[in-house]
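Novice: Okay, here's what each chain looks like letter by letter:
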Amino acid sequence: MSGFNKVVNSYEEALEGFKDDMTVMIGGFGLCGIPEGLIDQVYKMGNKGLTAISNNAGVDGFGLGKWLEKRQISTMIGSYVGENELFEKLLLSGEMEVILTPQGTLAEKIRAGGAGIPAFFTATGFGTKVAEGKETRNIDGRDYVLEPSLTADFALVKAWKADTMGNLIFNKTAMNFNPMMATAGKITVAEVEEIVEPGELDPNYIHTPGIYVQRVIKGNNFEKRIEQRTVKA
Amino acid sequence: MSGFNKVVNSYEEALEGFKDDMTVMIGGFGLCGIPEGLIDQVYKMGNKGLTAISNNAGVDGFGLGKWLEKRQISTMIGSYVGENELFEKLLLSGEMEVILTPQGTLAEKIRAGGAGIPAFFTATGFGTKVAEGKETRNIDGRDYVLEPSLTADFALVKAWKADTMGNLIFNKTAMNFNPMMATAGKITVAEVEEIVEPGELDPNYIHTPGIYVQRVIKGNNFEKRIEQRTVKA
Amino acid sequence: MALSREQIAMRVAQELEDGFYVNLGIGIPTLVANYVPKGVEVMMQSENGLLGMGEFPTEETIDPDLINAGKQTVTAATGAAFFSSAESFAMIRGGHVDLTVLGAFEVDQQGNIASWMIPGKLVKGMGGAMDLVAGAENIIVTMTHANKHGQSKILKECTLPLTGAQCIKRVITELALMEIKDGAFHLIERAPGVSVEEIQEKTDGDLVVPDNVPEMNV
Amino acid sequence: MALSREQIAMRVAQELEDGFYVNLGIGIPTLVANYVPKGVEVMMQSENGLLGMGEFPTEETIDPDLINAGKQTVTAATGAAFFSSAESFAMIRGGHVDLTVLGAFEVDQQGNIASWMIPGKLVKGMGGAMDLVAGAENIIVTMTHANKHGQSKILKECTLPLTGAQCIKRVITELALMEIKDGAFHLIERAPGVSVEEIQEKTDGDLVVPDNVPEMNV
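Protein chains in written order, with numbering that gives the first Met the number 0: chain Z, 0 to 232; chain F, 0 to 232; chain R, 0 to 217; chain D, 0 to 217.
What the hints contain is simulated information worked out from the structure, not anything from laboratory work.
Honestly, I wouldn't trust all of these hints.
To be verified - Derived SDA-like pairs: lysine to any residue, alpha-carbon spacing no greater than 25 Å straight-line:
#1 F:K160 x R:H95
#2 Z:K231 x R:M9
#3 F:K128 x D:P63
#4 D:K180 x F:E82
#5 D:K120 x F:E82
#6 R:K123 x Z:V58
#7 Z:K88 x R:L159
#8 F:K160 x D:K120
#9 Z:K160 x R:D64
Stated by the list, open to error - A short, non-exhaustive set of chain Z residues, derived as facing chain R with CB atoms under 7 Å:
#10 K128
#11 N219
#12 E226
What the hints assert, rightly or not - Listed next, with one range per pair, are the computed distances between beta-carbon atoms:
#13 Z:R136 x F:E87: 55 to 65 Å
#14 D:N216 x F:R141: 41 to 51 Å
#15 D:T158 x F:L91: 52 to 62 Å
#16 F:E131 x R:K180: 36 to 46 Å
For every residue, glycine included, the Cβ atom is placed at its ideal position computed from N, Cα and C.
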């Protein structure tokens, strides 16, 4: 088998080497574009002490909400996380640490992590709680906060299509945090709706080049639950 | 006319407001993916004292080589620039200042400029001339240099196709520095091979969203000169 | 008469210019999209990765992969583009969005804004609000002038944790349109039939009142 | 016998592993692509924005929009991807490239490399070399052991302006394969028929020589 064939055939194989106390990034915005099957597999495996980096924390009983059920997350890094009763309970009881990060800063910290940039300045959060304890600096008359980058042991992302070499394309706003996370995982696992042969994806429109992706798995039966089903009056 | 119709019909209009002593970014890698007509127009207008930010500086008589003929550039920021006899002469005579910047740092400085990141750390260039006079810092055991971002008064980019709203797609390796430069110009002008109606480009595969682009012009007769014509034996 | 939520949105919509790229927050700001003036075209940016947000879908066209930052199903307008969250906030942080409209719990006369956290209650997080207020040159805050207990939210100094420092220049409430500069609120317009005295009474921060305060045209 | 340029490339090619993403510099490194071992597939990264560089085109398929970092016309391999220079160097700087092969004027026993500038001569610029040496864990430098005047380029301390500090761990010359660690060159292999004495003589830096120095298999 070619060294570039990254397709694995089971969720067990997709998460081989995933251990307690690891740092893991999970793509998605709300429930849109989340790697449902990989999240379920981590739930099944029951690993504890995880640092989870994800914009949101799922809802009760779905997405990362499942990890909360089993108290798998010890630290959650996200921008908007409280749409979930259990989350609130774990936060207030101190069972889980939560590091709230502005959404754009979170996205940029992850991109920086993947791109070998250890830290950058941003105006976001200057003068707020977010800047507490961080270095700040005035550059050309404006105040900025120094933000370190983020990387992870595993990045679990959801893509629309992959080729067997791990080149990925995303669909519409299901892209969100997935491309940056794909670059920032030591092991990046992509759960996708369709796997095609190399050459079938147009090289001019690859969102995530395969160099960032270590494993590809075809997901079963994505539920794609909608949080705010809103239609035209 | 809709406020989103960014198409201009002449190079004069495309470069309205372009003045002496401005900072200008010019897309391209070597002669691949350069905005030929916009470069020619600046040559015709004869503006002087320009700070030119471009990976390379063209060749004698073509691309930015033409600006050199008229001594239009006072400061050149690039990564690899000496493929041009006139360039050498201007550099040695002190008629032009040259700020050599590692290619990846240059790309990242431009991206950062467009993205509102005023400065970032990178390991590139640590311990070399590039780091002289710059802040350095050890982060988690590795040494980094602080690099400020770059922006420009005008960014002149070359795309393959645009819609009238300024959404751009690039072709193959003619993409290179163009997408980042498009984000970093106060006024970004895209010279393109084809202009289509809004909706004709697939929103899932836009390389540069129109928000970054102020003017679009259809180029005449791209020469697309090849520097190293290499074919299979 | 104090403005309704819709009227606040209508007044904000008068600030839209043809060709503007606009980010609208949740709540009243969302309503602004319903009142875009005739002859004006705007493109809505949604920070989860969409430039050119269209109207809500029908039951037939609903797509779970196409939502806005409020997690509502939406459509893409003609000429839209999809991109990553990093690209989206590059636009926002880089100052490429022409107008940002968002709600707030409090603003103060230094231009500070508090909109994301009420200590003691559950903290959901700031989402993209801190990036939006840090990135935009042109921000309009829509909010009620006072809380349900009648306490002013237009303050000398914010009491809640800030979303951004010294970044807000315009506020539209049910009573007034105010600009913030030189450490004070400046009354620019009042809601039809609302007296300057009522506005002054409900404003805790320093309020500069010119001789003539025109009524809003809503 | 000292290795030919082709033989140096052949020896480097033995370091390729199936599934490697590789960036090859200009000169001898480019030749490595011709000697990829049987059963090994690699993808070539070209820093101007191409992952999966293919062979040179024919006159019919030549495309001015498709070049490599040496500005030569190339083709795209099956499974290739195009991207911006920022993305390309995100890959490089972020350590995603498995192997980088590049030339040098000098290397020294601290792992410093000088490859871009000879003061007094025209300076063309460093291109992507500084990013490549800073970003890669796994770098092989290919170079001649000495210059045409017989002066060693395998030094105690580089004399030319550096491309990168303390980043080089392996060097392959026409005479030897050496590793750099603990402030010295370690002789690992010698070119067939080349004596340890000749290598020592042409090496200015400290050279650690084990009891047995096998010949390269080229």
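Novice: Now, for every hint given, state plainly whether the structure supports it.
Specialist: These are the hints, each one checked on the structure:
1. F:K160 x R:H95: 22 Å, holds
2. Z:K231 x R:M9: 20 Å, holds
3. F:K128 x D:P63: 34 Å, violated
4. D:K180 x F:E82: 37 Å, violated
5. D:K120 x F:E82: 14 Å, holds
6. R:K123 x Z:V58: 13 Å, holds
7. Z:K88 x R:L159: Distance ~23 Å between K88 of chain Z and L159 of chain R Cα, so the pair holds.
8. F:K160 x D:K120: Violated, at about 42 Å.
9. Z:K160 x R:D64: Between K160 of chain Z and D64 of chain R the Cα gap is close to 13 Å, so the pair holds against 25 Å.
10. K128: 5 Å, holds
11. N219: 16 Å, violated
12. E226: 4 Å, holds
13. Z:R136 x F:E87: 55 to 65 Å: 39 Å, violated
14. D:N216 x F:R141: 41 to 51 Å: 36 Å, violated
15. D:T158 x F:L91: 52 to 62 Å: Violated - the Cβ-Cβ distance for T158 of chain D and L91 of chain F, about 22 Å, lies outside 52 to 62 Å.
16. F:E131 x R:K180: 36 to 46 Å: Given a distance of about 43 Å, which is inside 36 to 46 Å, the answer is holds.
Hint compliance for this structure: hints 3, 4, 8, 11, 13, 14, 15 are not met, and every other hint is.
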